[in-house]
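As they're listed, the protein sequences go chains B and R.
Following the working numbering, the numbering of the first sequence begins with 1 at its first residue and continues without gaps.
Following the working numbering, the numbering of the second sequence begins with 1 at its first residue and continues without gaps.
You may find that some hints are simply not true.
What the hints assert, rightly or not - Only pairs whose alpha carbons sit at most 27 Å apart, straight line, appear in this in silico BS3-like list of lysine-lysine:
hint : chain 1 : residue 1 : chain 2 : residue 2
1    : R       : K2        : R       : K23
2    : R       : K23       : B       : K169
3    : B       : K361      : B       : K259
4    : B       : K247      : R       : K34
5    : B       : K261      : B       : K230
6    : B       : K107      : R       : K90
7    : R       : K6        : B       : K169
8    : R       : K34       : B       : K265
9    : B       : K361      : B       : K174
10   : B       : K259      : R       : K2
11   : B       : K195      : R       : K34
12   : B       : K169      : B       : K327
13   : B       : K274      : R       : K34
14   : B       : K357      : B       : K430
15   : R       : K90       : B       : K274
16   : B       : K169      : B       : K28
17   : R       : K34       : R       : K2
18   : B       : K291      : B       : K361
19   : B       : K118      : R       : K2
20   : B       : K195      : B       : K247
21   : R       : K2        : B       : K274
22   : B       : K261      : R       : K32
23   : B       : K247      : R       : K23
24   : R       : K6        : R       : K90
25   : B       : K230      : R       : K90
26   : B       : K247      : R       : K21
27   : B       : K80       : R       : K2
28   : B       : K195      : R       : K90
29   : B       : K195      : B       : K230
30   : R       : K90       : B       : K62
31   : R       : K21       : R       : K32
32   : R       : K6        : B       : K230
What the hints assert, rightly or not - Listed next, with one range per pair, are the computed distances between beta-carbon atoms:
hint : chain 1 : residue 1 : chain 2 : residue 2 : range
33   : B       : D148      : R       : R11       : 53 to 61 Å
34   : R       : N52       : B       : Y75       : 44 to 52 Å
35   : R       : R11       : B       : G407      : 49 to 57 Å
36   : R       : G57       : B       : Q295      : 16 to 24 Å
37   : B       : V168      : R       : N24       : 17 to 25 Å
38   : R       : N52       : B       : T145      : 31 to 39 Å
39   : B       : Y360      : R       : R11       : 34 to 42 Å
40   : R       : K30       : B       : N404      : 45 to 53 Å
These aren't lab readings, by the way, just hints derived from the structure by calculation.
Every residue gets a Cβ at the ideal spot worked out from N, C-alpha and C, and that includes glycine.
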Amino acid sequence: MENFDVIVVGGGPAGLSAAISAARAGMKVCVVERGDYPGTKNVMGGVLYTQPTNEVVPDFWKDAPLERPVIEQRYGIMSKDELFTAAYRDPAWGQPPYNAHTVLRVKFDRWLAEEAEKLGVMIVPETVVDDLLYHGDDVVGVRTTRPDGDLGAKVVILAEGANNFVAVKAGLAKPLHPDSVAVVAKEIIALPAEKIEDRFCLEPHEGATIELFGDSTDGILGTSFIYTNKDSISIGVGAMVGAMGRKGWSPNDLLENLKAKPYIKRLLQGGEIKEYLAHLIPEGGYNSVPKLYRQGVMVVGDAAMFVNGLTREGSNLATTSGLIAGKVAAEAIQSGDTSAQAMSVYETRLRDSFVIKDLYKFRNLIGLLENNPHLLGEYPEMLNQAARMYFTIDGTPKTEVFKNIMGVFTKRRGKSGLVKDMFKAWRALK
Amino acid sequence: MKLDDKLYLVRFNTDTLNHIKIKNPDLCLKCKDKVCTFICPAHVYDWDEEENRIAVGYEGCLECGTCRVACTDDNILWEYPRGGFGVSWKNG
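Just chain R, same shape as in the assembly (with noise of 0.2 Å):
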């Protein structure tokens, strides 16, 4: 089974707040690995070449938090999700 279709099995309840936010977009120019782009998970991270920049799908986020740890550059500003929003499991 291909990534996407697995993350539409998880449940969401997705808030129109974006809980991730790229501290400074011009670090990404320089940074060399993208580490974001294939550790998360869910790839909530995308490197969009028309805008040369992160492009963040924040709605497929399933908190784990290994984006902010693993960012080389301390370049990721990841929260929590507002309470009740985001990922709801159905197992655990």
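This is chain B alone, in the form it adopts within the complex (with noise of 0.2 Å):
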């Protein structure tokens, strides 16, 4: 049996950030991959932010291969073919250091996956992980589905993703459920750079983001993107499962009818569909992130439940949840302590970074959400249909109008309706 200081499980941003930041420290570290090399089984969005990654590898944008610097983030509110959006720009975000870029999770995997190689770190790919090796008690490696397939390590990095099956197996995780995981379906489309830069009002080597909420998917609790790669579109629908489980609806249904809003159809337009992608988010948000670590075992990145969905953060939240697990994997090892209590290190300090402050933060939206559908409901129809009033020219007096689109409100959820609803998304965002 070959052995490791640290094992790290899945080869995507959390487990290669984990790789990279062990094997700085001198670790001798394996990273065991189910797919043919590091990116060839993952998919996200996908908005790759800047600060964790240059962190892993510092002026990693000069290298890599991403798409578009995000200069513009356009947030959306969908009723039928009516759309209310906001979108802030700033044009500075399109040089060093940048805030985010779009990206390829096959190409840039990949990439990070080479830039670990580089630091000694052995990547082992075309092989699953089926569970913790265990010595007694104490975790010591993991065991692949190979013949003869057992490594030894002194810690054990679970970066799997959102299905966390060693996570489950080791007790630390419980199963997912239907309320806590969204599918997406996406799409890559082809289109000429010239195009998007027109349609997005963009110059080149500059890229847009669009989310949209309500309509988009049905009111069920999700959220639709539009991203501009280089010379194509990321577009796809991430809903929760149980939801259009009972609301009858299938992922690739919800993603056809979002591309046929005409504003998204002429976005679009004469694009060439290039790979339509399937992948689970895990949005359970703080109440389902599972137990961090045991003895000789940390659990990072969608494993974890790393993901804000109200702010469509995930990648940046693997990083660092990664980075930090590798640094406390490699000072247990060198103190000769991968105990529980060594490893509760890294939950401590995920507890002082963004990671978990973020998710705490909004530990009660999701449920504020699910048990109030008209939130994503009957809101985006009421915002649209004041749009629509405040912008209709038709003779109405100003004063009328704008008692018209009180009315709008008070008539659909009551005075009382009204100060509820505040009420509860204050106290479920204070």
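Both chains are sitting in their own frames, so use the hints and assemble them into the complex.
Here it is, written out as structure tokens:
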């Protein structure tokens, strides 16, 4: 049996960041990946944030295969064919130090794995980890599904992604619940760069993102996204599995429904579908975070439910948790103590970071939106109705227009309903 | 574009082993909604009227894992295909 200091299960941003940070601290590290090479099984929207990635590979933007730096973020609220949008744009985001880039994970993850290899990390591809390997109660490595596939390690970092098989077997996580994961259907649609730049008002090498709420998911808790790559568009719809099942939606139909909306149709016009993809997003938030460590083990990234759905952050939480776990693993091994107590330093540092602080901040949001479907159902309709009344010029005096707009909200929700909704939202976000 | 045509765009290295099993086919007979038949993004599951069972086309599985989470009877044994097999994204 080959022995390592650290074995990382899964070669995504969380796992590779963990591997790189452990290798930098002098550890002998192995990443076990089930795809042909890291990236081929990996999917995200995908927006990659600069700050945490820069901590993994300084000045990564000089070499990494990135699509476009994001200079505009647009949010939209949809009601049938109506759309209310707001956007923020800063051309400075198109220059170093950047804020975020769009990426295609097959290219990016492969590059990141090569960076890990430069530091001596061994990547074992085409290998599925079946379980942890125990000696008594102590974790001493991983068992792969290959013949004679045991690998020894002092610390195992689980970066296996949303489908958290090993973490469940280890008793750290519970099986996924339909109300805590979203399924995403996504397409890559090829479009010439000039068309992308014209349609999204971009200079060459600038990028934009759009997230849509409301009717884009038929009022189900979730979002739709449209991201500009170099010469393609990533478009997808993610919605909670439980609610989709109850409403009878298939992910592909939800995506086709979005693509048929007038505004979206025009953005994609003439594009050619290059790939159709699907993936799970752990959206359960703080209350669904598993036990993050035990003797000789830490859980990072999607496997730890580190996704902030409201702000579509995930890769940054994955990267940051991986960096911390890799460092804690090295410190524990160097001090000869890989006990649960030594591993608990990982959770302590996560709690001091934005990762758990943000998940905690929004801990009641998922429940609020799931238990109050009218917030994502009726409010987008009311908002668009109000905007339509405000912008329609038909001889109605403005005093009456404002009165009518107020009437839209009070009629649908009642005055006390509005106050209650606002109170609930305030309580969930305070 | 129809779903079948979209799935033609996906690159697979198909395994000869099936990585998906219905644990207890009798439970499917009583299952009213048959969520697997519509919630799978690749339409891997289909109700076979003649044989009265769920037919599983594992070869087209996109490996998202939605089916096993969505099945209201927890009746789908879904595991990863063997290493190196299954879907191999071109873009991600």
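Verification of the hints:
1. For the given pair, R/K2 sits about 30 Å from R/K23 by alpha-carbon distance, which is inconsistent with the 27 Å threshold.
2. Using a Cα cut-off of 27 Å, the hinted pair R/K23 and B/K169 holds, with the two alpha carbons roughly 19 Å apart.
3. With a C-alpha separation of about 33 Å, the suggested pairing of B/K361 with B/K259 is violated against the 27 Å cut-off.
4. Taken as a hint, the B/K247 and R/K34 pair is honoured in the structure, with Cα atoms around 12 Å apart against an allowance of 27 Å.
5. In summary, the hint linking B/K261 to B/K230 is supported, as the alpha carbons are separated by about 24 Å, within the 27 Å threshold.
6. Annotation: proposed proximity of B/K107 to R/K90 holds, straight-line Cα distance about 9 Å (limit 27 Å).
7. The hinted pair formed by R/K6 and B/K169 fails the criterion: a straight-line CA distance of about 35 Å is larger than 27 Å.
8. Only pairs whose Cα atoms come within 27 Å are accepted, and R/K34 paired with B/K265 is rejected, the gap being roughly 32 Å.
9. For the hint linking B/K361 to B/K174, the alpha-carbon distance of about 22 Å falls within 27 Å, and the restraint holds.
10. Proposed proximity of B/K259 and R/K2 is supported: the alpha carbons are some 13 Å apart, at most 27 Å.
11. Restraint check for B/K195 and R/K34: the C-alpha separation of about 42 Å exceeds 27 Å, so the hint is violated.
12. As the CA atoms of B/K169 and B/K327 are separated by approximately 25 Å, the hinted pair is consistent with the 27 Å bound.
13. For the given pair, B/K274 sits about 30 Å from R/K34 by alpha-carbon distance, which is inconsistent with the 27 Å threshold.
14. Restraint check: the Cα-Cα separation between B/K357 and B/K430 comes to about 13 Å, which is no more than 27 Å; the hinted pair holds.
15. Restraint check: the Cα-Cα separation between R/K90 and B/K274 comes to about 9 Å, which is no more than 27 Å; the hinted pair holds.
16. With a C-alpha separation of about 26 Å, the suggested pairing of B/K169 with B/K28 holds against the 27 Å cut-off.
17. Distance check on the hinted pair: R/K34 and R/K2 sit about 22 Å apart at the alpha-carbon level, within 27 Å; holds.
18. Straight-line distance between C-alpha atoms of B/K291 and B/K361 comes to about 19 Å, which keeps the hinted pair within the 27 Å bound.
19. At roughly 43 Å between alpha-carbon atoms, B/K118 and R/K2 are farther apart than 27 Å, so this suggested pair is violated.
20. In summary, the hint linking B/K195 to B/K247 is not supported, as the alpha carbons are separated by about 36 Å, beyond the 27 Å threshold.
21. Annotation: proposed proximity of R/K2 to B/K274 holds, straight-line Cα distance about 13 Å (limit 27 Å).
22. Distance hint between B/K261 and R/K32 is unfulfilled; the C-alpha atoms sit about 32 Å from each other, more than 27 Å.
23. Distance hint between B/K247 and R/K23 is fulfilled; the C-alpha atoms sit about 25 Å from each other, no more than 27 Å.
24. At most 27 Å may separate the alpha-carbon atoms for a hinted pair to count; R/K6 and R/K90 meet this at roughly 13 Å.
25. Restraint check for B/K230 and R/K90: satisfied, since their Cα atoms lie roughly 15 Å apart, inside the 27 Å limit.
26. The hinted pair formed by B/K247 and R/K21 meets the criterion: a straight-line CA distance of about 25 Å does not exceed 27 Å.
27. For the hint pairing B/K80 with R/K2, the CA-to-CA distance comes to about 23 Å; that is within 27 Å, so the pair holds.
28. A distance of roughly 23 Å separates the Cα atoms of B/K195 and R/K90; the hinted pair therefore holds under the 27 Å criterion.
29. Between B/K195 and B/K230 the alpha-carbon distance is near 11 Å, which keeps this suggested pair within the 27 Å criterion.
30. For the hint linking R/K90 to B/K62, the alpha-carbon distance of about 23 Å falls within 27 Å, and the restraint holds.
31. For a cut-off of 27 Å, the pair hint linking R/K21 to R/K32 stands: about 19 Å separates their Cα positions.
32. The hinted pair formed by R/K6 and B/K230 meets the criterion: a straight-line CA distance of about 22 Å does not exceed 27 Å.
33. The given range of 53 to 61 Å is broken by B/D148 and R/R11, whose C-beta atoms sit roughly 30 Å from each other.
34. Between R/N52 and B/Y75 the Cβ separation comes to about 48 Å, which falls inside the hinted range of 44 to 52 Å.
35. The hinted range of 49 to 57 Å is satisfied by R/R11 and B/G407, whose Cβ atoms lie roughly 55 Å apart.
36. Taken as a hint, the range 16 to 24 Å is violated for the pair R/G57 and B/Q295, whose Cβ atoms sit roughly 42 Å apart.
37. Between B/V168 and R/N24 the C-beta distance comes to about 21 Å, which sits within the given range of 17 to 25 Å.
38. A hinted range of 31 to 39 Å for the beta carbons of R/N52 and B/T145 is consistent with their spacing of about 33 Å.
39. Distance hint for B/Y360 and R/R11: a CB-CB separation of about 40 Å, consistent with the stated range 34 to 42 Å.
40. Roughly 52 Å separates the CB atoms of R/K30 and B/N404, a value that falls within the hinted 45 to 53 Å.
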